[in-house]
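Engineer: Sequence:
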Amino acid sequence: MSSDSTPNRLPHFGPLTIKKADVYLNKCKYEFPIDFKKSNIPVVPIDDFRLKYTLGKGGFSVVDLVKRKRDGKWFAVKVSHKYNISKRKMAKIVLCEKRLLQSLDFPFTIRMEHYSQ
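Count the sequence shown with my numbering and you get residues 2 to 118, in order.
Be aware that a few hints might be false.
[As the list claims (entries may be wrong)] Straight-line distance between alpha carbons at most 27 Å, and here's what the computed DSSO-like set of lysine-lysine pairs gives:
hint, residue 1, residue 2
1, K83, K99
2, K58, K88
3, K70, K20
[Stated by the list, open to error] If you anchor each label on the Cβ, the simulated ranges turn out as follows:
hint, residue 1, residue 2, range
4, C29, Y116, 32 to 40 Å
5, D48, N85, 32 to 40 Å
6, C97, K20, 27 to 35 Å
7, S81, K21, 23 to 31 Å
8, K93, K58, 19 to 27 Å
9, D23, V80, 22 to 30 Å
10, P16, L101, 35 to 43 Å
11, I94, I35, 21 to 29 Å
12, Y31, Y116, 23 to 31 Å
13, P43, H82, 19 to 27 Å
14, F33, K68, 27 to 35 Å
15, T18, R51, 30 to 38 Å
No lab work stands behind these hints: they were computed from the structure.
Every residue gets a Cβ at the ideal spot worked out from N, C-alpha and C, and that includes glycine.
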C-alpha cells in the first residue's frame, strides 16, 4: 500500500481540516505509539528516482533532491551508508529515526513516504 492511499494522513499541502486543536492533539497522542510500532512504509527501489542535486551533508548521511520517474513528484532522500552506520555503531539510532519519521504526521514536519535498503 502506498502512503498516498494510507488513511488518516494529513494532506501534503493546502488548508488543514483540523477543527479543534485539543481533539487533534489527543488523537495524535493516541495514534503515535501505534504507528511507531508498525512498519507500513513501502520499500521502493532507489532506481525509481532521478537524482537532481545534493541538498546537504551530515555526519553519516547525504540529503539529495530527487524526482520520481513515473510521475515527476519531488522528494528529499536521505542516503545513509551502511558501512558508516555500522562502523560508528549507530544502527539502533538510525532504525529509531526511521520509525520516528514514518510515524510522524503533524503540520510542519517532514513525512517519510518511502524507504529503500
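Engineer: Evaluate each hint against the coordinates.
Structural biologist: Here's how the hints hold up against the structure:
no. : hint                      : in the structure
1   : K83 with K99              : holds (14 Å)
2   : K58 with K88              : holds (18 Å)
3   : K70 with K20              : violated (36 Å)
4   : C29 with Y116: 32 to 40 Å : violated (22 Å)
5   : D48 with N85: 32 to 40 Å  : violated (22 Å)
6   : C97 with K20: 27 to 35 Å  : holds (33 Å)
7   : S81 with K21: 23 to 31 Å  : violated (38 Å)
8   : K93 with K58: 19 to 27 Å  : holds (22 Å)
9   : D23 with V80: 22 to 30 Å  : violated (39 Å)
10  : P16 with L101: 35 to 43 Å : violated (26 Å)
11  : I94 with I35: 21 to 29 Å  : holds (22 Å)
12  : Y31 with Y116: 23 to 31 Å : holds (25 Å)
13  : P43 with H82: 19 to 27 Å  : holds (22 Å)
14  : F33 with K68: 27 to 35 Å  : holds (31 Å)
15  : T18 with R51: 30 to 38 Å  : holds (33 Å)
In the structure shown, a violation is registered for the earlier hints numbered 3, 4, 5, 7, 9, 10, in ascending order.
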